[in-house]
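Enquirer: Mind docking chain C on chain W? Use the hints.
So the sequence lines, in the order shown, correspond to chains W and C. Number 27 in the numbering used here belongs to position 27 of the first sequence; there are no gaps in the numbering. So the mapping is simple: the numbering used here equals the position in the second sequence, first residue as 1, plus 1000.
Note that these hints are calculated values from the structure, not bench results. For glycine and all other residues, C-beta sits at the position ideal for the given N, C-alpha and C. Some hints could be false.
Using 27 angstroms as the maximum straight-line C-alpha spacing, the simulated DSSO-like pairs for lysine-lysine come out as follows [said to hold, decoys possible]:
1) W/K45 to C/K1090
2) W/K116 to C/K1090
3) W/K120 to C/K1090
If the Cβ cut is set under 7 angstroms, some of the chain C residues that face chain W in the computed set are [said to hold, decoys possible]:
4) T1025
5) I1067
6) Y1069
7) Q1085
8) L1089
9) V1093
10) A1095
11) A1102
12) S1107
13) T1135
14) V1149
15) I1158
16) T1159
17) T1162
18) H1178
19) V1221
Residue-level listing of the chains:
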Amino acid sequence: MRYVFQLLIIICFSFAGEILHSTLPLPLPASIYGIILLYAALELKLVKVHQIREVSTTLIMAMPVMFVPPAVGLLKTWKNIQDTWSQYLLITVLSTFVVIAAAGWMTQGVIRWKEKSHTKSQDNGN
Amino acid sequence: MATEFLTDSVYMAVLLTIGTYGIGTWLRKKTGWTLMNPLLVSIVLTIAFLYITDIPYESYSRGTDIIKYMLTPATICLAVPLYEQIDQLKRNVHAVTMGIAAGVLASMLSILALVVIMGLGHVSYVTLLPKSITTAIGMDLSNELGGNVPITIITIVITGITGNIFAERFLKLIRVNHPIAKGIAIGAASHVIGTSKAMEMGQTEGAMSSLSIVTSGILTVITASVFASLA
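This is chain W alone, in the form it adopts within the complex (with noise of 0.2 angstroms):
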């Protein structure tokens, strides 16, 4: 019983995120809502993780198996991509390396600037 009203309390929120997704203007999927409603109400302690914690976690779990049944659509939307698919996997390859240098750079960029203006005002302050 206590999965069911797991289970009840997150199809509230995926209910919620269709109907903002059908009202609203904006080019956001319903899960985006979600994900924004349901943050809102543990922030605000309306929800607390412990209430949803089980059913969850097993959902995030299962979430690759979900993902097949729309990729296997390939066998219908082959045609269209069969003379290009190299320049897909190459255009995937490399912005992948691009991603992870503009990242990881600007990231361990801002935290050293960080850390020298720490000391330098620290210096300042002896």
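Expert: Then chain C, alone, in the frame of chain W:
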């Protein structure tokens, strides 16, 4: 006769999906290879099975509706790990937000540049745009933008596997050695599949990586509609 029965069967599609995923998990355990990603194995085996048995895709798709219905609730549950890690974000708010923003921008700009260089069209462009974010959010986004959803999913999985295999060595090569920076880079580039590698590297790397999955996913959704109009 057999094909007819399987086409009409209520449970065949679900059994096939979960069964092949189970085989993938088993293969991964046995071999330890990242390439034996259960999701990738399951997709390949399912396609092969449908192709060999001549079962129409439509009847498989109908049969798996129940699995697809659970995707939105499951994605919404990502709010829970985000909520639990938000303190990590607050402690390094500038570095983390700047890093994730740089990653999201770099992803879209590099895809835009490469698509233009290779002369691919708008549909290819919006199909590729969500490739660095987690599948749950990425397939929704591809759908909203008018992309080719199955191909988006495949590119997301390949991106994840690329990050999982090469990120550690590549980060060393480009001299990124701060654990927070390593975690953010892996999460922003290669979502959940990369994060499993980040968790092996260390606790800080893992937490930062999983934090940037949801954050970069949301940021990508917000900025992608602007980028989608560029090519």
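Enquirer: Determine for every hint whether it applies to the structure shown.
Expert: Here is how each hint holds up against the structure:
1. W/K45 to C/K1090: holds, 19 angstroms
2. W/K116 to C/K1090: The hint holds at about 20 angstroms.
3. W/K120 to C/K1090: Judged against 27 angstroms, a Cα distance of about 23 angstroms means the pair holds.
4. T1025: Violated, because the Cβ-Cβ distance from C/T1025 to chain W comes to roughly 10 angstroms (cut-off 7 angstroms).
5. I1067: C/I1067 check passes; min Cβ-Cβ to chain W is 5 angstroms, inside 7 angstroms.
6. Y1069: Since chain W brings no Cβ nearer than about 9 angstroms to C/Y1069, farther than 7 angstroms, the hint is violated.
7. Q1085: violated, 11 angstroms
8. L1089: violated, 12 angstroms
9. V1093: violated, 10 angstroms
10. A1095: holds, 4 angstroms
11. A1102: Constraint on C/A1102 satisfied, holds at 4 angstroms.
12. S1107: Hint holds; C/S1107 Cβ to chain W Cβ min 5 angstroms, cut 7 angstroms.
13. T1135: holds, 5 angstroms
14. V1149: holds, 6 angstroms
15. I1158: Because about 5 angstroms separates C/I1158 from the closest Cβ in chain W, which is inside the 7 angstroms limit, the hint holds.
16. T1159: Interface hint status for C/T1159: holds (5 angstroms vs cutoff 7 angstroms).
17. T1162: holds, 5 angstroms
18. H1178: Since the shortest Cβ distance to chain W is 5 angstroms, the answer is holds.
19. V1221: Holds, about 6 angstroms.
This entry does not satisfy hints 4, 6, 7, 8, 9, going by the numbered hints stated previously.
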